[in-house]
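> Each chain is listed here by its residues.
2 protein chains.
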Amino acid sequence: MTKIKSERVILAARPNGAPRPNNFGIEDVDLPEIEDGEVLLATRYLSLDPYMRGRMDDRKSYSAPTAVGGVMEGETVARVIASRHPDFAVGDHVAAYLGWVSHAISNGTGLVKLDERFAPPSTALGVLGMPGLTAYAGLLEIGKPKEGETVVVAAGAGPVGSLVGQIAKIKGCRVVGIAGGAEKCAYLVDELGFDAAIDHRSPRFADELATACPDGVDVYFELVGGAVWQAVLPLLNEFARVPVCGLVAQYNGLAAAEKPHFLAATLGTILTRSVTMRGFIVREFWHQRSQFLEEVGGWIADGRVKFREDVTQGLANAPEAFIGMLEGRNFGKAIVEVGAPVA
Amino acid sequence: MTKIKSERVILAARPNGAPRPNNFGIEDVDLPEIEDGEVLLATRYLSLDPYMRGRMDDRKSYSAPTAVGGVMEGETVARVIASRHPDFAVGDHVAAYLGWVSHAISNGTGLVKLDERFAPPSTALGVLGMPGLTAYAGLLEIGKPKEGETVVVAAGAGPVGSLVGQIAKIKGCRVVGIAGGAEKCAYLVDELGFDAAIDHRSPRFADELATACPDGVDVYFELVGGAVWQAVLPLLNEFARVPVCGLVAQYNGLAAAEKPHFLAATLGTILTRSVTMRGFIVREFWHQRSQFLEEVGGWIADGRVKFREDVTQGLANAPEAFIGMLEGRNFGKAIVEVGAPVA
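Same order as they appear, the protein sequences are chains L and B.
The opening residue of the first sequence carries number 1 in my numbering; numbering runs sequentially from there.
The opening residue of the second sequence carries number 1 in my numbering; numbering runs sequentially from there.
One chain only, chain L, in its complex shape (with noise of 0.2 Å):
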């Protein structure tokens, strides 16, 4: 068997605010053959995720940041394409997490051979994978839908949200998802069967979101942050449940233009209205995962829950949809078709 040149995106240089291209690099590297206990994988599909933002930061927070000149993380679906391994035949797929690369050595530890039952193997990146279990522990331990209420739910054609919406229909709820031009609020509507979806774009964007909820908000599922948290925030009734899942709209360190006293506010409408804020990542709820694939795999084969992916070609074109998908750009789950060379 040749030699297998490894490509990898690395972190270059620490982005100030928003990512630019060239705080990414590219590098080749030589793997060595594969020995006894290993297999050697290709990589076929790489997933962008928000979350990664923060790893590029040299600054605390619930996971290491990335060293400069280190692999970019991530999560991967890859192929056995050489395998020393009891466990894992040619041609298997596994969900690992791999990083930004073409092909990468494992002994087995922390890959999971992917059930292909219910869709194919790239859902696992996506509502199959860690931003599904994501939405539907959070939606269903934190926000704890009840029949009839409002489910309010940020960034929701992304892969988190569209799939919080999804499954707060299915809970008899009302879903009002908040998303980022035209295209994709009709997406939400017409495809996914919300009750209604409020452009963040908007000038007139918090009076739309009060006017779709005449009846106040019960859950309210936080991607985003920022003016769309400070829209929300006055529509929140007694009781409501807030499950904080994500922030995108401050990762880049450039918080939206915070109203005077918004902290203040925030604190008063907790107060005042018995309101639940409860952060959360997704490795809390990891227990559940066998549970989540039953049943959000059977929504999948039922027809109930539909998803949608955002497909970058080649490994090189990373970067770029990884910036992309930190403006909204993406619709669908962004994932990148990495294509590496299998032999």
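Simulated from the structure, these hints should not be mistaken for lab results.
Virtual Cβ for every residue (Gly too), placed ideally from N, Cα, C.
Hints are not guaranteed to be accurate.
Which residues of chain B face chain L? A partial, calculated answer using Cβ under 7 Å [to be verified]:
#1 LEU247
#2 LEU263
#3 ILE270
#4 LEU271
#5 VAL275
#6 MET277
Only pairs whose alpha carbons sit at most 27 Å apart, straight line, appear in this in silico BS3-like list of lysine-lysine [stated by the list, open to error]:
#7 L:LYS144 <-> L:LYS3
#8 B:LYS169 <-> B:LYS306
#9 L:LYS3 <-> L:LYS113
#10 B:LYS306 <-> L:LYS144
#11 L:LYS169 <-> L:LYS144
#12 B:LYS146 <-> B:LYS169
#13 L:LYS171 <-> L:LYS144
#14 L:LYS144 <-> B:LYS169
#15 L:LYS146 <-> B:LYS144
For this one, chain L is given, so just place chain B on it according to the hints.
Positioned in the frame of chain L, the structure of chain B alone reads:
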């Protein structure tokens, strides 16, 4: 029986910021003779509580505002001085929501006869009343302190905070109280058995708080907001719980100066450390009142829970005592001994 005059304190004008004496007025009204099914009550003690500041504003909160010209609202302990009601006898002490008045007529609705087994009647306004139940239910139901955890309580020398800290000690926690001034801080440690007390007026407040919490903060019982919240935020541990019970720093509408983007920092910490913030109003836990009275009453009888009252003489002095309480000048539960004539 001679006609009874009731002295009342009314809201003369809405305050702009901190209340001043001229926001209040005093008037006398003649009460009619009681009829069948009624009792005549003489107020013995009036409770002064921070929430009353909110009622003075004309804005939506969890209760309707007091009208200009209306009687200031509040909890009282009163004595039955005449009765044509089968359930109440002259000399009975009752807890009642009479407001800032010296005398009132009631048909019995909402009157709770006091159980004086554990402590004197005035405690029905403090450690065995609404502030006590607030502390008990907020800490145990929302804070959920576990043995060995660190509990920080704002306004630790106040009627709610002092009980929160003492219950947390009973539950085996490390307890750090925040209070204003050396005398209150010494009281928390020497009299109530807190592990540490930090003076929020110290120029090194945030550093001193961090030093007192070497293992971070698992439960923060919020009664203040403002600068105290900003000092606690960086200390919160993963899965910390924050019962939000009061925000006295912002009740006067003049929120303490917010650091820039402190809302973003608050939301970011909730997200990355999986924090739960939960506002509550004590009425949510009213059903726990008997259990609370038995348990906390027992702790008082055992000497495990202590309480302190700050008593002002005479209804006419209630406005000034209230203004002082909002500035933290009281030391113990703020109460007015109305001293109403009983015949």
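> The structure should be examined with respect to each hint, and the outcome stated for every one.
Hints, verified against the model:
1. LEU247: Nearest chain L Cβ about 6 Å off; hint holds.
2. LEU263: At about 4 Å, which falls below the 7 Å cut-off, the nearest Cβ of chain L leaves the hint on LEU263 (chain B) intact, so it holds.
3. ILE270: Holds - the Cβ of ILE270 (chain B) comes within 7 Å of chain L, reaching about 4 Å at its closest.
4. LEU271: holds (4 Å)
5. VAL275: For VAL275 (chain B), the interface hint holds, since the closest Cβ of chain L sits about 5 Å away, which is under 7 Å.
6. MET277: holds (5 Å)
7. L:LYS144 <-> L:LYS3: Status violated; Cα separation ~52 Å.
8. B:LYS169 <-> B:LYS306: Given that 27 Å is the threshold and the Cα spacing comes to 12 Å, the pair holds.
9. L:LYS3 <-> L:LYS113: holds (25 Å)
10. B:LYS306 <-> L:LYS144: violated (39 Å)
11. L:LYS169 <-> L:LYS144: Satisfied, since the Cα-Cα distance of roughly 13 Å is no more than 27 Å.
12. B:LYS146 <-> B:LYS169: Roughly 10 Å separates the two Cα atoms, so the pair holds.
13. L:LYS171 <-> L:LYS144: This hinted pair holds, its Cα atoms lying about 10 Å apart.
14. L:LYS144 <-> B:LYS169: With a Cα-Cα distance of about 33 Å, the restraint between LYS144 (chain L) and LYS169 (chain B) is violated, given a limit of 27 Å.
15. L:LYS146 <-> B:LYS144: Distance ~25 Å between LYS146 (chain L) and LYS144 (chain B) Cα, so the pair holds.
Hint violations for this structure: numbers 7, 10, 14, all remaining hints satisfied.
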